[in-house]
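**Student:** If you read the sequences in order, they're chains A and B. Take the first sequence: its position 80, counting from 1, is numbered 80 in the working numbering, and each next residue is one higher. Take the second sequence: its position 321, counting from 1, is numbered 321 in the working numbering, and each next residue is one higher.
No wet-lab data here; the hints were simulated from the structure. Computed from a predicted structure; not experimentally measured. All clues stand as given, with none of them false.
Partner residues are not named here, just some residues of chain A that face chain B (Cβ under 10 Å, in silico):
(1) Val167
(2) Ser283
(3) Ser290
(4) Pro293
From the three backbone atoms N, C-alpha and C, an ideal C-beta is built for every residue, glycine too.
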Amino acid sequence: MNTTATQEPDTRAADAVAEISIEQKETEGLSQGQIVRRRFFRHRGALIAMIVLALIIIMAFTSVGVDLWGLRIPGWWTYRWDEIAPKVNNGVPTLSLFPPQFGEHPFGQDEVGRDIFAVVMRGAQQSLMVMAIAGVVATVIGVVIGAIAGYYGKVTDSVLMRFTDIVITIPLIVIGAVLGKTFGSLGAAVLGVVIGVFAWTTMARLVRGEFLTLREREFVDAARVSGARDRRIIFRHILPNAVGVIVVNATLLMAGAILLESALSYLGFGVQPPDTSLGKIVSDNQAAFSTRPWLFWWPGIFIIAIALCVNFIGDGLRDAFDPRQKKMPSERAMRRAGRATGPVVPILDTTDPDGPHTVTVPMEAVYTGDVVNYHDERPEEPGDAQHEPLDPER
Amino acid sequence: MASFIIRRLIASIFVLFAATFLMYVLTTLAGDPLEELRQSSAPNKAELMEARTKLLNLDVPPPLRYFLWLGGIFRGDFGVSVQGQPVNILLGNAIASTLTLVTTATVVAIVLGLTVGIISALRQYSGFDYGVTLLAFLFFSLPIFWVAVLLKQYGAIRLNDWLANPTIAIPVIVVISLLSGVLWMSLLGGKVRRRLIVFGLATVASVAVLFYLSATEWFADPSIGIVVFSVSALGIAFGITAISTGLRNRRALYASLVVALIGIGLYFPMINYILNGMTLWFFLLLVVLTIVVSGLIGFFMGGADRGPVVRTTAIVGFLVAGLIAMDKYMSYWEVYANSSRVRGRPIATVGASTPGLGGNFWIQGIDLYTHLLLPTIAIVLISFAAYTRYSRASLLEVMNQDYIRTARAKGLTQRTVVVRHAFRNALIPITTIIAFDVGAIIGGAVVTETVFGWTGMGRLFVDGINHVDPNPVMAFFVVTGTLAVLFNLIADLVYAALDPRIKVGS
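Whenever a hint applies, use it, and build me the whole structure from the sequences.
**Tutor:** Encoded structure:
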């Protein structure tokens, strides 16, 4: 915090101006989607997390193949996850970095000889499926309930929010255990739906809060005056403005869902025996920790890797959608920007130079030029204002 | 205010009724309590089924059975389990052990999480901040059962092996010392020169301490001793004063030092006479007495501005007394570790207490702590990460406000700005989140209890579901649901009390 305090006042002013010009440069003539995408890809952790997660998904689904409701597509890995293979090297993992080699059973084998790589891949498939399905179901329910409660208000709002209060009183792991015992045997997809049906409460509250503020805004009035029906206003006009909150919360929800699924499977209330999931592998093999630790390490590492990646992506999205959370560009970048723009014109009041290194730029201030096309879904016309470069003097 | 509380209370009760109804119906739908009897080959199968149907009112359809059950709840009767045991007795034993676990874990997580989050916010974008952020993300993503199994392996089995011969190898000393040097350096911050000095001092000090602990095999028979105790007591007096009122406040400093000196003076009488033959009630009485007496010292030495001084001396008194109690506990450690029940493996992995262990108050206390240690760590790791993130975000948000700039512009010290102006306001959103979390923590304790074999509420719940036994499951839910609703209510009230902008009752 004290790093900038030692600088001369005039450099401070120059920095501040430079920082504003960066701010304008990165937003001029871009749609919100483009800005978010740019900011997201600049978040290195989130980018790496996304690549890793994509690799895990591809690996999980292609290696042992897909086996869904009778549909069987074989994968490229030699062993199936339920196949008992002859033991190699007494089941010790053959994966090694020096010299780099995979060997016959990279993650080792369990006491009967199942290939742990195949088992973990199958478990990861199930866990990922639960995560995705629970995420989608919970997001849809939460958004619809939150949107209706926030938009209509009054009786609708209080009825829906009391309902949310009721559901929120029941801890997810409790309801998951009660229902998972019954529905877990029907497969991972059903378990995902069950989790999703009860995990939407936070999403509904957040979306409602967002709708409460957004519905008072002028563009909603404008839409209403021009004769749009409620459904159109909710889904076309307000919802796209709440997309940041929704997307960020959906990722956090998914990270929670995978941990919940593994905990349920660990307790025996999740995915049931003929099938497997990451939590179940840990639970089945924890007694063998001292003799065969790899049976315990690999599934755990995959749970952590998936949850960590999803959390990082969520963090990146939050930074991308919320300009207040943005980190200030480095001093070198600002100096470069200052040089590039030549003699800088003082434009606006600067942010607190002594404060923490964040820049507070309300969404609207950045967008003042583009109100015409701000979140309008209609195709662009050639004469639209958004093709004009942003005029800093305006 | 009163009408607001009453209205909220009534709404909460209705929410609770609806939630229990929902839960009851779902629980009955989830399985048939007669299933295991149906599959059995007992000759008197039909009579057994008949008896159980009668016992659990299974002939009444679920929505109506709920009201039968609810009637029982109003009479304070949670019904019977499938085996015919009254749930009240099962619940009574379970609540105590779960609440011990959850309360300890929550308090530790809150204290640690707030502290780390605040330091991390004050040193934003420093190495410490990035490290904490990364760790918080990692802890968020940890499955609690996995951590628990790891803790059992490394925290208990390996640690016990090590405690049998507690010497620290030289490379380990070097690595730990370097780490502690880096930690202190990033905590204190400053210019390169200052950082290097801090790093050097911290490293050398850690090497010295660790070497001493290893050479004297301190962990086999730990003790604090009068010298270290005196230095720590004075250090506590200075440290707490510096944070709470600032060292410029001479009255507060002198009052704290007086409290610390009284503590040092009482060390030998306490250890040798007063603390022997302790009971729980006498212990609690001493705790209260300590806080009152040290508060009174602050009151009489505080002068015009009493409030902060009383607060400071009370905290100092509490901590110094805690150190004495800790030394007393330590003096019994060797006896405990070598007792016939524990057999040199003090860190426990299963259950809430060593069966058949006698001993006095202190031995029982050590036994509780060694059993609490691992499950608490498991729960703390995960909720601590969340609290760190929340308190960091909340403090950063406040530090960006105009009134903080005004406070700085008035020339207030960094301490005053952070503690008086920023921290208090940052606490407002954190309280709400913590209150919301309590229900979730009890839910999380289900997994932890299963791994560590605690016979708490989590076990009651898991067993209930496994045996398709609706009444224990509902008893568990009534307790957690009530707690969750209660804490939500408390959160609302605290929120209104902390934030004058929120008008309650309008």
